[in-house]
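A.B. asks: When you line the sequence shown up against mature numbering (1 follows the signal peptide of the UniProt record, and there is no 0), it's residues -19 to -1, 1 to 112, in that order.
Derived from the structure by calculation, the hints contain no laboratory data.
This structure is a prediction, so every number in the text was calculated from the model and none was measured.
Any given hint could be a false lead.
[Said to hold, decoys possible] Here are the computed lysine to aspartate or glutamate pairs in the EDC-like style, where the Cα-Cα straight-line distance is at most 20 Å: (1) Lys57 with Asp81; (2) Lys54 with Asp87; (3) Lys53 with Glu34; (4) Lys53 with Glu107; (5) Lys7 with Glu82; (6) Lys7 with Glu34; (7) Lys111 with Asp42; (8) Lys57 with Glu34; (9) Lys65 with Glu98; (10) Lys65 with Asp81; (11) Lys65 with Glu34; (12) Lys111 with Asp58; (13) Lys111 with Asp87; (14) Lys96 with Glu107; (15) Lys53 with Glu82.
[As the list claims (entries may be wrong)] Listed next, with one range per pair, are the computed distances between beta-carbon atoms: (16) Trp44 with Thr68: 27 to 35 Å; (17) Asp58 with Thr38: 18 to 26 Å; (18) Gly99 with Lys53: 46 to 54 Å.
Beta carbons are placed, not taken as given, at the ideal position from N, Cα and C, and that holds for glycine.
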Amino acid sequence: MKKLTIAALLTVMTLPAFAEDNGGFKADEPAPPAHKQDAGIRGSEDARGATVELARTMRQDAWVTLEGHIIKKTGKDQFEFRDKTGTVGITVGGNRWNGDEVTPEDLVMISGRVKHEGKVTHVVVEHLLKQ
């Protein structure tokens, strides 16, 4: 009886080790060239969305929505985001991925608050949507 109880406990306690790795950033694909990163259907121009270049000039805590690619991971929740006008650092908390697995090839829309630390600008992402 004691062995059965121990075996059952071990089985229950090891289940999280077999959980699927859903969501987050997967850096196994290269990002497309910057000139190919147009909003919406690739190859079209869309002047409605904000750009990284514009986000750098916005005030502290301004809300911004950007469309582009997450091209690399730079820290635990830190990533580099690129659109056709440049790159900016972003912070994406674990629960913001919504179970989506994102690669540098995927077009994403991010919304969040602009933060300035000296001359460095980054965006704290509140919403992330894989296109």
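A.B. asks: Hint by hint, note whether the structure agrees.
C.D. replies: Status of each hint after checking the structure:
For the hint pairing lysine 57 with aspartate 81, the CA-to-CA distance comes to about 17 Å; that is within 20 Å, so the pair holds. Of the supplied pair hints, the one linking lysine 54 and aspartate 87 holds, its CA atoms being roughly 14 Å apart against a limit of 20 Å. Taking the CA atoms of lysine 53 and glutamate 34, the gap is near 19 Å; set against the 20 Å cutoff, the hint holds. At most 20 Å may separate the alpha-carbon atoms for a hinted pair to count; lysine 53 and glutamate 107 meet this at roughly 19 Å.
Of the pairs offered as hints, the one joining lysine 7 and glutamate 82 holds, with about 7 Å between alpha carbons and a cut-off of 20 Å not exceeded. This hinted pair does not check out: lysine 7 and glutamate 34 have alpha carbons roughly 25 Å apart, beyond 20 Å. Annotation: proposed proximity of lysine 111 to aspartate 42 is violated, straight-line Cα distance about 23 Å (limit 20 Å). A threshold of 20 Å between alpha carbons decides the hint, and for lysine 57 with glutamate 34 the separation of about 25 Å lies outside it, so the pair is violated.
Between the alpha carbons of lysine 65 and glutamate 98 the distance comes to roughly 23 Å, so the proposed pair goes past 20 Å and is violated. A distance of roughly 23 Å separates the Cα atoms of lysine 65 and aspartate 81; the hinted pair therefore is violated under the 20 Å criterion. Only pairs whose Cα atoms come within 20 Å are accepted, and lysine 65 paired with glutamate 34 is accepted, the gap being roughly 9 Å. At most 20 Å may separate the alpha-carbon atoms for a hinted pair to count; lysine 111 and aspartate 58 meet this at roughly 17 Å.
Under the criterion of a C-alpha separation no larger than 20 Å, the hint pairing lysine 111 with aspartate 87 is consistent with the structure, at around 7 Å. A C-alpha spacing of about 13 Å is found between lysine 96 and glutamate 107, which places the hinted pair at or below 20 Å, so the restraint holds. Distance restraint check for lysine 53 and glutamate 82: the Cα-Cα separation of roughly 14 Å lies within the 20 Å cut-off, and the hinted pair is therefore satisfied. At about 20 Å, the beta-carbon gap between tryptophan 44 and threonine 68 misses the expected band of 27 to 35 Å.
For aspartate 58 and threonine 38, the hinted distance range of 18 to 26 Å is satisfied, since their beta carbons lie about 25 Å from each other. The given range of 46 to 54 Å is broken by glycine 99 and lysine 53, whose C-beta atoms sit roughly 22 Å from each other.
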